[in-house]
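Work out the full structure, taking the sequences as your base and the hints as a guide.
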Amino acid sequence: MSESVTANLNREAVLQLFRESGALLEGHFRLSSGLHSAGYLQCALVLQHPRHAESLGRALAARLRPLAPTVVLSPAIGGLIIGHEVGRGLGVRAIFAERQDGALTLRRGFSLDPADRVVVIEDVVTTGGSTKETMAVARRAGATVVGAGAVIDRSGGASGLDVPFHALASIVVATHQPDACPMCRAGQPVVKPGSRG
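The opening residue of the sequence shown carries number 42 in our numbering; numbering runs sequentially from there.
Mixed in with the good hints there might be a few duds.
[Unchecked claim] Pair by pair, the computed Cβ-Cβ distance ranges are:
1. Asp-142 x Gln-218: 26 to 36 angstroms
2. Pro-155 x Gly-132: 17 to 27 angstroms
3. Arg-149 x Gln-218: 30 to 40 angstroms
4. Asp-142 x Gly-183: 13 to 23 angstroms
5. Asp-154 x Lys-233: 47 to 57 angstroms
6. Glu-95 x Pro-234: 23 to 33 angstroms
7. Pro-219 x Asp-154: 18 to 28 angstroms
Quick caveat, the hints were computed from the structure, so don't treat them as lab data.
Think of the CB as a built atom: it goes at the ideal place given N, C-alpha and C, for glycine as much as any other residue.
Right, here's the structure in full:
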């Protein structure tokens with residue numbers, strides 16, 4: 042992938058990859074955050090194509106490179122592919138945290154230490170909850186979290202992260218608490234499309 046192609050991955054180009062991959066979904070969805078939404082971005086449908094995963098990873102790595110990270114940490118399962126591609130783009134390790142007894146933790150022999158400068162990578166950030174949880178995993182291990190990134194930021198700037206955050210595209214799709222969801226009131230069945238049941 043040439044640097045010029047990677048550099049041209051602006052917001053519209055990223056969203057076009059989602060459209061071409063059938064990854065912009067409309068309906069009634071329960072997000073990993075518990076919120077309900079009429080729109081959902083299924084990153085896995087984009088990232089299943091190695092050329093898309095590579096170009097998105099390189100573009101995100103270019104934005105994060107000034108932070109001088111030494112490790113990419115992603116939450117399983119949604120952040121795995123893009124985290125790996127960002128790690129490849131940065132030329133650093135890419136590891137992941139996964140749930141054990143309901144909490145994110147490092148397993149499989151993965152480790153971090155105080156010399157590590159971590160960037161946390163997600164596919165989509167909505168509330169910032171899983172990003173913060175992943176940052177806490179790194180901090181408990183003694184590492185320094187220097188930044189975070191995502192392919193899509195749908196938080197509307199409200200993720201509340203305490204580190205520099207970079208996304209390739211920001212979109213705003215209305216979300217609702219379940220008890221105030223107009224689609225629920227209309228009797229429309231809710232679907233849970235993400236990786237966390």
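We went through each hint and held it up to the structure:
1. Asp-142 x Gln-218: 26 to 36 angstroms: 27 angstroms, holds
2. Pro-155 x Gly-132: 17 to 27 angstroms: With a Cβ separation near 21 angstroms, Pro-155 and Gly-132 satisfy 17 to 27 angstroms, so the hint holds.
3. Arg-149 x Gln-218: 30 to 40 angstroms: The hinted range 30 to 40 angstroms holds for Arg-149 and Gln-218, with Cβ atoms some 36 angstroms apart.
4. Asp-142 x Gly-183: 13 to 23 angstroms: With Cβ atoms ~22 angstroms apart, the hint holds.
5. Asp-154 x Lys-233: 47 to 57 angstroms: 37 angstroms, violated
6. Glu-95 x Pro-234: 23 to 33 angstroms: Taking Cβ atoms as reference, Glu-95 and Pro-234 lie about 24 angstroms apart, which means the hint holds.
7. Pro-219 x Asp-154: 18 to 28 angstroms: Since the Cβ atoms of Pro-219 and Asp-154 sit about 41 angstroms apart, the hinted range of 18 to 28 angstroms is violated.
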